[in-house]
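The listed protein sequences derive, respectively, from chains A and B.
Just so we're aligned, residue 12 is where the first sequence starts under my numbering, counting upward by one.
Just so we're aligned, residue 12 is where the second sequence starts under my numbering, counting upward by one.
Misleading hints may appear alongside valid ones.
Calculated cross-link-like contacts (lysine-lysine; reagent style DSBU-like; alpha-carbon spacing at most 30 Å) [stated by the list, open to error]:
1) Lys-175/A x Lys-193/B
2) Lys-193/B x Lys-83/A
3) Lys-193/B x Lys-67/B
4) Lys-67/A x Lys-83/B
Rather than coming from a laboratory, the hints here were simulated on the basis of the structure.
Here are the chains, one letter per residue:
2 protein chains.
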Amino acid sequence: MKTQREKHDRYEVRFSGSGGQGLITAAVVFAEAVGVYDGKHVCQTQSYGPEARGGKSKAEVVISDYPIDYPKALELDLLLAMNQAACDAYFFDLKANGLLVVDSTLVEQYPTSRIISIPFTQIAKEEIGRELVANMVALGAIGLLSGRVDLANLETALLARVPKGTEEMNSKALRRGIEEAKKIDVQNLPRAVMSEEEEL
Amino acid sequence: MKTQREKHDRYEVRFSGSGGQGLITAAVVFAEAVGVYDGKHVCQTQSYGPEARGGKSKAEVVISDYPIDYPKALELDLLLAMNQAACDAYFFDLKANGLLVVDSTLVEQYPTSRIISIPFTQIAKEEIGRELVANMVALGAIGLLSGRVDLANLETALLARVPKGTEEMNSKALRRGIEEAKKIDVQNLPRAVMSEEEEL
């Protein structure tokens, strides 16, 4: 049986959107930062099956101070949705007061008012010059908002994984994401409406 | 409870070696080929923790015709070892008559005579011209030896994931790996010495 501490220690993040948005790369970098550099227990997972069709792609990271018995996400603490289909499909897997982070460039209909919306794709395109690094802008934001990773380690992990010659562009993207997330007042987001379990 | 059929249907592969050898990429391509293109159930996992230190890196793929309840590998059907440390550490996780595939360029001491050794790194360096694609030579071999993926789909999945401009090099590496593996007579490998459970 789990102690209360072990239960609360588990932290689950899902990166979701379309194939080609670099969500697996973002999840791998996040997992390596937390696991290899921060030294916590981490599992990073992709699952494919009949349910994975229809414009959705996902990659998960589960973090714990203790060994992880079940590596798939069960109840999300944080959901990144980089398109509408993923936002619609996965919103219901969030904990009552989990964080929903969407790319406001691509997600138009929000399922809740408790939302953090940042134009990741627009920032990548207009400020960094490559739409492709929207995943790294998002990763920076997720890194900060999760509060579960040392941000210097996140950059180290990113630099170890991106193709040579793209380091500066990717670092810049990550830092812009962190900067955007710093503007968010997480404590003052609306609370979830249905929230029987939320009070600790 | 599981039926016999469901148990036997599960197929587990671990890609292991050093960080920087591209094992996660190889595992992701394999998983996408089987999951997205072949349409089976697949989980692809990386785990990090205190035990993951010491020159070893690993990435796992679990394949099934049925939904996968537990996504980590429990007993390997196939182990790819791209360095000595990984070969030594993970050999014991193989099933009695599982397949051990090593990079003979980098692994010198073999823990068993039941082994498939192919010089992945040497082929990548000397024939393809880039040591970096040793992972894709290995992936081609694993694809064939596992018998669990359509090889055309494996190439499609690879082309969808590698950086632009490197498609031809990566395809060539994959095909060379498939070619090398075709030379192996898997049926006539020595049988495992300790093999109480092997007969079906």
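How the hints compare with the structure:
Simply put, Lys-175/A and Lys-193/B have alpha-carbon atoms about 34 Å apart, too far for the 30 Å limit, and the pair is violated. Restraint check for Lys-193/B and Lys-83/A: not satisfied, since their Cα atoms lie roughly 36 Å apart, outside the 30 Å limit. For the hint linking Lys-193/B to Lys-67/B, the alpha-carbon distance of about 28 Å falls within 30 Å, and the restraint holds. At most 30 Å may separate the alpha-carbon atoms for a hinted pair to count; Lys-67/A and Lys-83/B meet this at roughly 23 Å.
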